[in-house]
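K.L.:
Assemble the complex: chain A is given as a structure, and chains B and C must be docked to it using the hints.
Residue numbers (the working numbering), protein chains in the order written: chain A, 1 to 309; chain B, 1001 to 1494; chain C, 2001 to 2286.
Be careful, since some hints might not be right.
Stated by the list, open to error - Derived DSS-like pairs (lysine-lysine); straight-line CA-CA distance at most 27 angstroms:
| no. | chain 1 | residue 1 | chain 2 | residue 2 |
| --- | --- | --- | --- | --- |
| 1 | B | K1102 | A | K56 |
| 2 | B | K1102 | B | K1138 |
| 3 | B | K1336 | B | K1381 |
| 4 | A | K56 | B | K1381 |
| 5 | B | K1381 | B | K1266 |
To be verified - Label-pair distances were calculated between CB atoms; the ranges are:
| no. | chain 1 | residue 1 | chain 2 | residue 2 | range |
| --- | --- | --- | --- | --- | --- |
| 6 | B | G1283 | A | E49 | 42 to 48 angstroms |
| 7 | B | T1338 | C | Q2065 | 37 to 43 angstroms |
| 8 | B | A1380 | C | L2098 | 35 to 41 angstroms |
| 9 | B | T1338 | C | W2068 | 30 to 36 angstroms |
What the hints assert, rightly or not - Rough simulated footprint, nothing fancy, chain A against chain B, three-plus residues with beta-carbon under 8 angstroms:
| no. | stretch |
| --- | --- |
| 10 | 1025-1039 |
| 11 | 1164-1170 |
| 12 | 1202-1210 |
| 13 | 1221-1227 |
| 14 | 1361-1374 |
Note that these hints are calculated values from the structure, not bench results. Idealized CB from N, CA, C, for every residue including glycine.
Chain by chain, the residues run as shown.
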Amino acid sequence: MTLYVLRRLAAVAPVLLGVTLVVFAMLWLAPGDPVLALVGESAQGMSREALDALRKAHGLDRGPIVQYLDYLFGLVRGDLGTSVRSSQPVAGEVLSRFPATLLLAGSAMAVAILLGMTLGVLAAVYRRTWVDHLAVLVALLGVSVPVFWSGLLLMLLFALDLGWLPASGYGTWRHLVLPAAAVGFSSAAFIARITRASMIETLRQDYVRTATAKGLGASAVRLRHALRNALLPVVTVVGLQFGGLLGGAVLTETVFAWPGIGRMLVDAITSRDLPLVQGSVLFIAVIFIVMNLLVDVSYALLNPKVRYD
Amino acid sequence: MRRIVLLALVLLLPAVAAAQGRLTTAIGSNPPTLDPQKTFNGFSFAITNQVYETLFRVTPQGEIEGLLAAGWEYLDPSTLRVTLRDGVSFSDGTPLDAAAVKASLERLLDPATAAPGRFVVSAISEVTAVDATTVEIKTAEPFAPLLAHLAHPVTAVVPVAHGDDLARNPVGSGPYTLQSWEQSNQVLLHAKADYWGGAPAIEEVLYRIIPEVSTQLIELRSGGIDILFNIPPDAYEALATEPQLETRAYLGWGSMMLGLNTANAKLHDLRVRQAIAYAIDKGLIIDEFLRGLAEPGVVPIPPTVRFAASDLAEPYPYDPEAARALLAEAGAEGLKLTLDIYQNPDLEAVAQVLQFMLSEVGIDLTIRVQDYAAYVEQTAKDDLELYASSWGTVTLDADYTLYAFFHSSEIPTNNIARYQVASVDALLDEARSTPDDAVRAADYREVQEAVLGDVPMVTLYYPLSTVAKWSVLQGEVVRFSWINLDLRNATLAR
Amino acid sequence: MTSATRPLRAWLRSPAVRRFTRNRAAIVGLVLVIVLAAVALLAPVLAPYAPDAQNLRARLRPPSQAHWFGTDEFGRDILSRVLFGARVSLLTGLVPVLVAAAIGSALGLVAGFYRGRLDAVLMRVMDVLLAFPSLLLALAVVGALGPGLENAVIAVAIVGIPSYARIVRSVVIAAREEDFVTAAKALGARDPRLLLNHVLPSALGALSVQATLGIGFAILSMAGLSFLGLGVQPPTADWGEMLARGRRYLPGSPWLLLYPGAAISLTVLAFNLLGDGLRDALDPRD
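With the rest of the complex left out, here is chain A (with noise of 0.2 angstroms):
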């Protein structure tokens, strides 16, 4: 098992090594002069030796490579750059909002899975019946809908015409509903098939039905065995889900002012930020490979035939 994890670990690398060059190369792919970015509509009215002198006070007048070298020691040092805007350390700024993008990333998740096996388990529990059709029908939906588009029908209905929850904000759990549904609802398509696919094929096994001709009643033989079984292959997308549970984070988190990365890095994007934005990206990159490397060594330890792949 440790060998196992230990080439994964060395698979990785690489891996991160090229998403770094990937972020760094942001910078200098970027058009136009970052310095005008910098300072934004405040150039209204400036001199070029005043942009002159606030390009060489960030470190914009030095060559790719010194600049790439630099930026991989800063990393090293945990050392993510300064956003320009704020003159802040990026690596402050992006942790500072991790927490809420996790807390609404994970309650998505949670919303997504129980959504996602319900109907899952539904649609192969009345397989080739109407509600098989539906499920599969509003699963697919979920993830047709555009999530902000969602997100702000959700909000007009719940919060200004019902007023049953807030708008917008951070806080409370109330906060949580409408964005956690929104971003949930996008990513349970995929958990609803997987889900149907499995318990179809658990349900046809021999095991079930020896239960069944125990005399366990059918629907507890379905939601007692199938289920146990139909979740392993569940948590193997839980990883690859995480990655647009992020990106709808990225879009609801602007709809409901939620303070995570998300809205942070478009903040940053419009704003041409670029070592925000290069944080941000790298930052939530690093969560996402970090994931699924944690998926993949579960999943190795849940099911021991994977690790002589």
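P.N.:
Okay, now just chains B and C, sitting in the frame of chain A:
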């Protein structure tokens, strides 16, 4: 058990009472910093203006008055002597004296500070602390709008000893101090009990950071926030009819303009520029598109700005026939033009209206929306044709806008229209250096007349700033812009 | 019966096609996609108004007889804009997928055929791209290149490349072992043409499933980027752009947002139904 509940209730009571003194508002973006010298961002200034103070400020009537300055006089046209208000200190207890003002201005001027707003004070050559409460500010050349510039939020006096720490832990002499700042979520300010002007009645001010305008509106209507600024015109109408809300629209310092690159071959002919001016139905834009929440623009600066020649008549009232005739005369039928703008919802909307209006007189307009940096690079290129700009004369002095837009030394950085007229340059130079307001007024009037005739730009309108609030809030003063919200005499009756 | 129709009939009787035609959801998806394509093509005929015709005196009107979907902030007919928007939206969904499929397939072919160090490097690069959550990668690309339609298309295309590369590579590797390739090689046809002639057809099934689902994803991503102000720019009539602008008129005028949002949802749903149907038909393991 019951006693515990009772005890808990008693303990909670003071918290409830304190919460009644909390005003909640919304801003659209997380302020990048709370160091006023390190930013040029309105969301930052909205909060730094509560925490720090400038030497001067502009009254709601447009006059300049002292804030930290108790008095001032010009020793000569290049030397301003300011007497500071006595006994003012920063919230860390250190005195705000002449030495503090000198250190603060010098930090702003220091290129190492990399202050984006440095240009506001770049005319200053030397600052001297004469005694504890007297500062002398020298400019290299006589600089008439100096007082107005020293009212700009970027010139707020900061205690330099705190250095970069000011970004997250602001320390100023203003009526409020920072209590807590949850990044991207909210900024909470607390009233300063020993504020030199008397403690404000409203104990706490909460700025919630809500990027979506529609979310802000829903929050206002559902009571999640008490006061909201910059309401879109279409939503303003609906809010104005709600009985429990009070709404107000007022003229600020903004202008919306369409600029024309006079050096471009397509626009070099005055008749073409006049045709474009004739083709635009400003009245329709204001009445329908802005729901009446703007005043028709003529000169580039709104009437709130000192030396605006607001009585000058519109030389090119809407007349599509005249526009077509002029285009034909100039041999410019089937004219194709590109309008450059940067990402900004107001600009994008206006650009689309202009596109349609110009199409009615046979001009085919392409809109190019870019982010700000790319837009600025485009405006420096010679093939630039039309551009649109949402501009604020933040100092409320004509110099700020007229010099930047029409002095030939500002081509192409700010004088994007490439307007180059020697007599206008001379007028702008004289008006900047004379302390005589009558001369300044006459000079700026002549500049504005020239600009109206030559059409380097069409001033579309002066937008009205809007506020909507729950009636519980009374006594707040908003000077020209929402970033200048003054709560020192405001009360909250829940 | 002519000889020309015989292969068609044989194809129609093939198990994959039979599985597909028996799948009601897949047929619904197919019909919807055809209808949407027809709407996009016939927009000038179907639309009651010109999509860009402004009438500032009839702004923000709720749905009525004259304007079934209401009017927007410029007094333009929303129904007409939704119909015309189908063109841009389908195109901005299709183009990144075609670009990604072309580049991805080429990379997959090269990697799978030559194996060795080239394969290792290419696949590591694909791993790196896959290490980013997809919307985040698109955002990163737009963040670097700057907002705008072209950059958004590039961004969404880059996101798609690795999946096509992987599909084609695995098919090539499997096919290399098969007899007909070995036989062809023995005859001297040891050049990349071999790949195109023999291998690519067998990858088409998996590619078409991926591409169909990819169009749905691309439309959603483009709409998301437009919503964040980073994609399609006004005045282009595009559903994502309509949503981005329309949301500023909430809560007063929800119809600005309702119809384009429903159009996106329906379109993506159609491609998802079709894609799932294709997958079930071509890969009957489920």
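K.L.:
K1102(B) and K56(A): Cα distance at most 27 angstroms?
P.N.:
Judged against 27 angstroms, a Cα distance of about 25 angstroms means the pair holds.
K.L.:
Are there three or more residues in the stretch 1025-1039 of chain B whose C-beta lies within less than 8 angstroms of some C-beta in chain A?
P.N.:
As far as the stretch 1025-1039 of chain B goes, the hint holds, because 7 residues have Cβ atoms under 8 angstroms from chain A.
K.L.:
For the stretch 1221-1227 of chain B, does the count of residues with a C-beta closer than 8 angstroms to a C-beta of chain A reach 3?
P.N.:
holds (count 3)
K.L.:
Are the Cα positions of K1102(B) and K1138(B) separated by 27 angstroms at most?
P.N.:
holds (12 angstroms)
K.L.:
For the stretch 1164-1170 of chain B, do at least 3 residues have a Cβ located nearer than 8 angstroms to some Cβ of chain A?
P.N.:
holds (count 3)
K.L.:
Apply the coverage criterion to the stretch 1202-1210 of chain B and chain A: a residue qualifies when its Cβ sits closer than 8 angstroms to a Cβ of the chain, and three qualifying residues are needed.
P.N.:
Three-residue rule met by the stretch 1202-1210 of chain B, so holds; n is 3.
K.L.:
Take the C-alpha atoms of K1336(B) and K1381(B), compute the straight-line distance between them, and say whether it is at most 27 angstroms.
P.N.:
holds (18 angstroms)
K.L.:
So is the stretch 1361-1374 of chain B in contact with chain A by the C-beta rule, three or more residues under 8 angstroms, or is the coverage claim wrong?
P.N.:
holds (count 4)
K.L.:
Regarding the pair K56(A) and K1381(B), is the alpha-carbon distance no greater than 27 angstroms?
P.N.:
OK: K56(A) and K1381(B) at ~24 angstroms, within 27 angstroms.
K.L.:
Against the range 42 to 48 angstroms, how does the distance between the Cβ atoms of G1283(B) and E49(A) compare: consistent or not?
P.N.:
holds (44 angstroms)
K.L.:
Using the C-beta atoms of A1380(B) and L2098(C), is the stated range 35 to 41 angstroms upheld?
P.N.:
About 37 angstroms separates the Cβ atoms of A1380(B) and L2098(C), which means 35 to 41 angstroms holds.
K.L.:
Against the range 37 to 43 angstroms, how does the distance between the Cβ atoms of T1338(B) and Q2065(C) compare: consistent or not?
P.N.:
Given a distance of about 39 angstroms, which is inside 37 to 43 angstroms, the answer is holds.
Every hint, counting from the list given before, is met by this structure.
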